[in-house]
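**Student:** So you can see what is in the structure, the chains are spelled out below.
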Amino acid sequence: MILQMIAIDSSSLILMAKAGILDKIIKNLKRKLTITNQIYNETTKIEAFDSKIIKKRVEEKAIERKIIRNIKLFNKIKEDFNLGNGEAEAIAFCLENETGLITDDKKAMNACRILRIKFTTVPNLLIRLYKKGVVTKTEANFYLRKLQKFGRYSAEIMEELGEELK
Amino acid sequence: MRIMENVLTVRLPKEDLEVVKQISISTKKDKSTTVRELVEQGKIYFAVMQYKEGKISIGRAAGISGLTLSEMIDLLSKLGINSNIELDDYLEGKKLAEEVI
Numbered sequence: 001m002i003l004q005m006i007a008i009d010s011s012s013l014i015l016m017a018k019a020g021i022l023d024k025i026i027k028n029l030k031r032k033l034t035i036t037n038q039i040y041n042e043t044t045k046i047e048a049f050d051s052k053i054i055k056k057r058v059e060e061k062a063i064e065r066k067i068i069r070n071i072k073l074f075n076k077i078k079e080d081f082n083l084g085n086g087e088a089e090a091i092a093f094c095l096e097n098e099t100g101l102i103t104d105d106k107k108a109m110n111a112c113r114i115l116r117i118k119f120t121t122v123p124n125l126l127i128r129l130y131k132k133g134v135v136t137k138t139e140a141n142f143y144l145r146k147l148q149k150f151g152r153y154s155a156e157i158m159e160e161l162g163e164e165l166k
Numbered sequence: 001m002r003i004m005e006n007v008l009t010v011r012l013p014k015e016d017l018e019v020v021k022q023i024s025i026s027t028k029k030d031k032s033t034t035v036r037e038l039v040e041q042g043k044i045y046f047a048v049m050q051y052k053e054g055k056i057s058i059g060r061a062a063g064i065s066g067l068t069l070s071e072m073i074d075l076l077s078k079l080g081i082n083s084n085i086e087l088d089d090y091l092e093g094k095k096l097a098e099e100v101i
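Protein sequences appear in the order of chains A and B. Using this note's numbering, the first residue of the first sequence is number 1, and each one after it goes up by one. Using this note's numbering, the first residue of the second sequence is number 1, and each one after it goes up by one.
Read the hints as simulated data drawn from the structure, not as lab findings. Treat the hints with caution; some may be incorrect.
[Stated by the list, open to error] With a straight-line Cα cutoff of 20 Å, these simulated EDC-like cross-link-like pairs (lysine to aspartate or glutamate) come out: (1) A/K27 <-> B/E71; (2) A/K76 <-> A/E60; (3) B/K28 <-> B/D16; (4) A/K27 <-> A/E47; (5) A/K32 <-> A/E79; (6) A/K137 <-> A/E159; (7) A/K24 <-> A/E164; (8) A/K32 <-> B/D16; (9) A/K131 <-> B/D74; (10) A/K30 <-> A/E60; (11) A/K118 <-> B/E71; (12) A/K30 <-> A/E47; (13) A/K166 <-> B/E98; (14) A/K106 <-> B/E92; (15) B/K78 <-> B/E40; (16) B/K31 <-> B/E71; (17) B/K52 <-> A/E156; (18) A/K52 <-> A/D23; (19) A/K32 <-> B/E98; (20) A/K52 <-> B/D74; (21) A/K55 <-> B/E71; (22) B/K55 <-> A/D80; (23) B/K28 <-> B/E40; (24) A/K146 <-> B/E5; (25) A/K146 <-> A/E156; (26) A/K149 <-> B/E98; (27) A/K137 <-> A/D23; (28) A/K24 <-> B/E99; (29) A/K106 <-> B/E5; (30) B/K95 <-> A/E64; (31) B/K95 <-> A/E163; (32) A/K24 <-> A/E139; (33) A/K24 <-> B/E98; (34) A/K131 <-> B/E92; (35) B/K52 <-> A/E164; (36) A/K131 <-> A/E163; (37) B/K94 <-> A/E60; (38) A/K137 <-> A/E98; (39) A/K149 <-> B/E40; (40) A/K30 <-> A/E64.
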């Protein structure tokens, strides 16, 4: 069976790895988690824990690595929306392949809205893991604290997440 | 190691030159090294502020600062700078999350 894809940008991928939730999300996604070359390069640049786990999952093919075809489109997206290379490639990839995007960046989300790309965030996926019974309330709260440390979500979002974990 | 082969002449106010001199004395580094280090730190500050003001993405901020994205995430966390995403953004993300998990 060929799985549909879902793209992810560099900061959300690093966030998942730093929060220790990457494997749980990969295992429970109904779509193949997919990154582009720029995202691979951005997320595996240094010898940090998050970088090592991402590299390993790509080697194991748990994360698919793909290329984008339209470099002109990538450059236009990057400049039009003030994005980094990885974010612009992820969005170009979504347009080329009609996939959704996992992102926790406001600028990338706004680009998605304008370009009619569906998006979601790492906390959204954590809540789904909890609602599906993959993680317990205690585990979900543990991951949420780690996500908050690195994702730096607003008090309003944290309050909503707290409500959803009740 | 980065090769320092480019030369740029910049006019600075006397006060700034004095600051460079003082920093170079206290850090025991020559003035060129001091100016280079201040430019490096200025790049990071500029990128963080642009991100904080919602003008650029976190990826672009990392690119401007010369830090990796992982380092930029750690720095923003250390500085206590919140993500720009709002409750509406989170709520909009529910639909796709329900489709994929």
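**Student:** None of the hints should be skipped; say for each whether it holds.
**Tutor:** Quick rundown of the hints versus the structure:
Proposed proximity of A/K27 and B/E71 is contradicted: the alpha carbons are some 27 Å apart, above 20 Å. Of the supplied pair hints, the one linking A/K76 and A/E60 is violated, its CA atoms being roughly 33 Å apart against a limit of 20 Å. Taking the CA atoms of B/K28 and B/D16, the gap is near 18 Å; set against the 20 Å cutoff, the hint holds. Between A/K27 and A/E47 the alpha-carbon distance is near 25 Å, which puts this suggested pair outside the 20 Å criterion.
For the hint linking A/K32 to A/E79, the alpha-carbon distance of about 28 Å lies beyond 20 Å, and the restraint is violated. A C-alpha spacing of about 15 Å is found between A/K137 and A/E159, which places the hinted pair at or below 20 Å, so the restraint holds. About 19 Å separates the Cα atoms of A/K24 and A/E164, which keeps this hinted pair within 20 Å; it holds. About 54 Å separates the Cα atoms of A/K32 and B/D16, which puts this hinted pair outside 20 Å; it is violated.
Between A/K131 and B/D74, the direct Cα distance comes to roughly 29 Å. Violation of the 20 Å bound is thereby established for this hinted pair. Between A/K30 and A/E60 the alpha-carbon distance is near 18 Å, which keeps this suggested pair within the 20 Å criterion. Of the supplied pair hints, the one linking A/K118 and B/E71 is violated, its CA atoms being roughly 28 Å apart against a limit of 20 Å. Among the hinted pairs, A/K30 with A/E47 is inconsistent with the structure: their alpha-carbon atoms are about 30 Å apart, more than 20 Å.
Taken as a hint, the A/K166 and B/E98 pair is honoured in the structure, with Cα atoms around 18 Å apart against an allowance of 20 Å. Among the hinted pairs, A/K106 with B/E92 is consistent with the structure: their alpha-carbon atoms are about 12 Å apart, no more than 20 Å. For the hint linking B/K78 to B/E40, the alpha-carbon distance of about 18 Å falls within 20 Å, and the restraint holds. Of the pairs offered as hints, the one joining B/K31 and B/E71 is violated, with about 27 Å between alpha carbons and a cut-off of 20 Å exceeded.
For a cut-off of 20 Å, the pair hint linking B/K52 to A/E156 stands: about 17 Å separates their Cα positions. Distance check on the hinted pair: A/K52 and A/D23 sit about 13 Å apart at the alpha-carbon level, within 20 Å; holds. Between A/K32 and B/E98, the direct Cα distance comes to roughly 15 Å. Compliance with the 20 Å bound is thereby established for this hinted pair. Of the supplied pair hints, the one linking A/K52 and B/D74 holds, its CA atoms being roughly 16 Å apart against a limit of 20 Å.
Restraint check for A/K55 and B/E71: the C-alpha separation of about 17 Å stays at or below 20 Å, so the hint holds. Taking the CA atoms of B/K55 and A/D80, the gap is near 12 Å; set against the 20 Å cutoff, the hint holds. Between B/K28 and B/E40, the direct Cα distance comes to roughly 18 Å. Compliance with the 20 Å bound is thereby established for this hinted pair. For the suggested pair A/K146 and B/E5, the alpha carbons sit about 43 Å apart, so the restraint of at most 20 Å is broken.
Our distance criterion of 20 Å between C-alpha atoms is met by A/K146 and A/E156, whose separation comes to about 17 Å. With a C-alpha separation of about 25 Å, the suggested pairing of A/K149 with B/E98 is violated against the 20 Å cut-off. The straight-line distance between the Cα atoms of A/K137 and A/D23 is roughly 18 Å, inside the 20 Å bound, and the hint therefore holds. Taken as a hint, the A/K24 and B/E99 pair is honoured in the structure, with Cα atoms around 16 Å apart against an allowance of 20 Å.
At most 20 Å may separate the alpha-carbon atoms for a hinted pair to count; A/K106 and B/E5 exceed this at roughly 38 Å. Between B/K95 and A/E64, the direct Cα distance comes to roughly 23 Å. Violation of the 20 Å bound is thereby established for this hinted pair. The hinted pair formed by B/K95 and A/E163 meets the criterion: a straight-line CA distance of about 18 Å does not exceed 20 Å. Of the pairs offered as hints, the one joining A/K24 and A/E139 holds, with about 11 Å between alpha carbons and a cut-off of 20 Å not exceeded.
Under the criterion of a C-alpha separation no larger than 20 Å, the hint pairing A/K24 with B/E98 is consistent with the structure, at around 16 Å. For the hint linking A/K131 to B/E92, the alpha-carbon distance of about 17 Å falls within 20 Å, and the restraint holds. Note on B/K52 and A/E164: the hinted pairing is violated, with a Cα-Cα distance of about 28 Å set against a maximum of 20 Å. Restraint check: the Cα-Cα separation between A/K131 and A/E163 comes to about 13 Å, which is no more than 20 Å; the hinted pair holds.
As the CA atoms of B/K94 and A/E60 are separated by approximately 29 Å, the hinted pair breaks the 20 Å bound. A hinted pair counts as satisfied when its Cα atoms are at most 20 Å apart, and A/K137 with A/E98 does not qualify at roughly 34 Å. The suggested pairing of A/K149 with B/E40 is violated, with an alpha-carbon distance near 26 Å, which exceeds 20 Å. Between A/K30 and A/E64, the direct Cα distance comes to roughly 14 Å. Compliance with the 20 Å bound is thereby established for this hinted pair.
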